[in-house]
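We have chain P; now place chains Z and Y onto it with these hints.
Residue numbers (numbering that gives the first Met the number 0), protein chains in the order written: chain P, 0 to 439; chain Z, 0 to 188; chain Y, 0 to 346.
It should be emphasised that the hints constitute simulated quantities derived from the structure, not laboratory data. Every value quoted in this text rests on a predicted model; they were computed, and no experiment measured them.
Example chain P residues on the side facing chain Y (calculated, C-beta under 10 Å, incomplete): (1) Ile37; (2) Gly105; (3) Val130; (4) Glu161; (5) Gly165; (6) Glu352; (7) Gly394.
Only pairs whose alpha carbons sit at most 20 Å apart, straight line, appear in this in silico EDC-like list of lysine to aspartate or glutamate: (8) Y:Lys185 / Y:Glu174; (9) Z:Lys166 / P:Glu208; (10) P:Lys372 / Y:Glu276; (11) P:Lys350 / P:Glu375; (12) Z:Lys166 / P:Glu205; (13) P:Lys350 / Y:Glu276; (14) P:Lys173 / P:Glu161; (15) P:Lys272 / Z:Glu158; (16) P:Lys372 / P:Asp304; (17) P:Lys372 / Y:Asp277.
Covered stretches of chain Z (chain P as the covering partner; in silico rule of three or more C-beta atoms under 8 Å from a C-beta of chain P): (18) 128-134; (19) 137-145; (20) 164-173.
Just so it is clear, CB atoms sit at the ideal spot from N, CA and C, and this is done for glycine as well.
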Amino acid sequence: MNAHNAYRQGFSFAAVLTALLVSMLVASTARAELLIRITEGADSAIPIAVVPFAESGAMPAGDKVSSIVQADLTMSGEFRPLEPTRMLSLPSQRSEVYFRDWRMLGQRYVLVGQLTRSGERIEARYELFDVNREERILGETAGASANNVRTLAHHISDRVYEAITGDPGVFSTKLAYVTLSRTGGETLYRLQVSDLDGKRARVRLESKEPILSPAWSPDGKQLAYVSFETGKPVVFTHELASGERKKVADFPGLNSAPAWSPDGKSLLLTLSKDGNAEIYRLEIASGNLTRLTNHWAIDTEGAWDHAGRGIFFTSDRSGGPQIYYMERLGAEPRRITFGSRYNARARPDAKGEYVYYVHQRNRAFHIARINLKNGEETVITRTESDESPSVSPNGRMLIYATQQNGTSVLTVVSANGGAAYSLPAADGDVREPAWGPIVR
Amino acid sequence: MKFSVQSKAFAMLLSVGLVAGCSSTGDTMEDGTYGSDVAAIDQDGGSTVYGGADGDGVSSRGLTDDERQAAQQQAEQQALRNITVFYFDFDTSEIKQEARDVLVAHARFLADNPRQKVRLEGHTDERGTKEYNLALGERRASAVQRFLVVNGASRGQLETVSYGEEKPAVHGSSESAWAQNRRVELVFE
Amino acid sequence: MKGHKREIISTEPASLKSPVVMSLALHLLIVGIALAGWSWTSPVSEPEPRQISARLVSPEPRPSPVVDDQDQRDRDQERRQQQERERQEEEAERRRQQEQARQEAERQAQAEAQARQRQQEEQQRQQAQAREREQQQAREQEAARQRAEAEAKERERQRAEQERRQQEEAQRKAEEEKRRQEERRKQEEAERKRQEEAARQEAERRRQEAERRLREQQLEALADESDRQREAEARRQQEAAAARAREAQMLSESERYQSLIRERLSQAWYPPSSATEDMTARIQITLLPTGELVNARLVSSSGNTAFDNSALGAVRSLSRYPVPSDRNTFERYFRQFTIEFNPQRLR
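The shape of chain P in the complex, shown without the other chains:
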């Protein structure tokens, strides 16, 4: 009888509990505020109106500042600037901006500005507006000498990019690359440095023998590279401002693959002086050399990780070239790429999120990246015969060399493989791009 009662009590308790829960649920659904979750953004680039800047005074011939800004933002792959011909008005200051109009045109941001010439200098006053929030998110002035309008324009592009995306812009960074021209059976290698858009290119070194692997010092003042000018590969450092060069590695055999440490005090090098290609660390000031790898296989293409603690490198110790990571100098290297039989020349981004590299799939060579968090390997280029990836300092873009109609060209893509932008072709092959650092 007791058991029966307990049973009965259990029944009624459960019933009460159920009723309570139901009523609570009903109550909670009744009271809970609707929550709409947005997990995907627009697939397209951000619409922005770069209104031609108002000008007062004589402006130098050539590209307009706003045109350069527009081209910069387009190249990033993240923006979709509005054609100036489609603009309803051409404001140059806040009072002239009618947000309704820009909203009607589907624009998110409006950049307006004025250029003023004063002597040999050009001053720019520019403002960036968020059309929907009807707020000014940027209002600055900047100036440059009249023959450096491009510098001014790239600076404005950087500022606009950062204000909208939260990442620093890279439009003021420089690009180093090697061109190869063959004229009348004579080959000529040229090491050049240009703006990111390929403009203002300057030859820094010319040689009949190969020039390879230019690498920027972290301060953007020097390049290290491999030159065969002495008949064999020798590593030089080259101060761009003065043109002063230094032979930093001229050992028997191979001297190659220079990579600067983040502090700019040492270089990673690949030397075969001990019989086989190994990676060494050269302290530039003292000339001290430390061997970092020791394996009968090829170890080369060293690159510091973003923190400057460990290195990525290429080794064929597993049979074919693969990328390895040595977490600390002297630690046991760990293979990180497995996606195919050929993965080489690692280039980590500045955030420590991804490593970009050359990846062979079937018969083609692409640029791929590996997510260091989850090990996911993704091919990000659609072209074939791709080489020499170099990541932008903000990690958003990637430049690499590829073949186009039998010649080598440089292509910029967004780092996730989105928009692609081919740099204007110079004469002959363009190869070995190296994306320079952001110089403040």
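Positioned in the frame of chain P, the structure of chains Z and Y alone reads:
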């Protein structure tokens, strides 16, 4: 063309009957043009070319056996040493079977001429990364260097340099071009 | 089967009858020949069973075993001699009478001549018929008598047999009875013990039964209770379902507009390049029933200004939100709600 010189050299090599030991091609067949050329010579050659050489031997011009043998050997060596380019398979630095006798001849020559210096230039095809290819060319040159040292050459006579993919023998992106670009060249100074 | 066959034959059409008759005749002939042949080949086998049965029957009916066999034979002899004498006397008498009659008849015949000729013939015929009938009767009587006799004998035999069996049975029963009594005595003993056991078991069974009853009653009570509860639950569920249906109508309406809003905002949102999957921004918005945005407030920041701004920009970029025209649904879900921005698949 280097290639026809090479072919002649191979024909001569066959004519003096040394080919018997190096008839194995097999794996090297996949090595584009070079592999197939070698195979073709092997197939044409064999007994026919060998027979012709024998005839030469029979109609000797009254030299003594020793003299004849020395002359023959000298000719032999000379013929072998005309070959100065050695080819490799993709992403390997393994010296092919058919290159060994030639390299032995070079090694003997270097041993006999200690003042002779030679530059071993390693090359790769255009595929893969430039720096890795630089190391791969270096490894190929080193492989040849080791082989020569083992067979009598002195290390001081030998200098290695790798150009990686920078100095192709043949321009182009075909299997044939690649096969001809994966090589070590001996440059006598 | 046979009847059926006959029926079929009888329903044969007339035209077929003569061939049928012929065939029957032929068959009969064949059967006759076969039978003849058969009886010829085994002439003795047929009557034998009858002889056997006669033999089996004849020794049985001996009614009185008291009568002496010799004595019987003597009396039979005597009777036969007597009968012979009587028969001879009768024979002589009959001959004499016949002579007289013959003379008489001859006389009459001569006297009556032709007049009686026909009558006599008729009489003779009738007499012959009568004789025939008498003989027939006599034969039948004889047969009946013999049958009765045989039956009587059989009955007698059966009775004797019955008696004998009864006697044997009686004896057997007596023995049986004796044995049974012995057995019964033992059984009674056992039974007594068994009954004692049974009584005990019965008591136990009753107790268990009582318990079972009790349990059943309890279970019934429980079942009743749960039935009541089930019913109550069913009612409650019905009510809840109805409520849900009303709710669902509003919800489905609401969901439709939610997904519309989601779609519009997804198209309008440009996550900045600095966005990561860890970033989440929440914006509470207030709308007019027309769908116009009254207010948008960042209630939870992602920690990244560009990200927060991109979300706010997206929210404010919609000139008019898609909202239901049903005022209740609008008030309930869309007057004020929260939008969460959290990129799962970055561009």
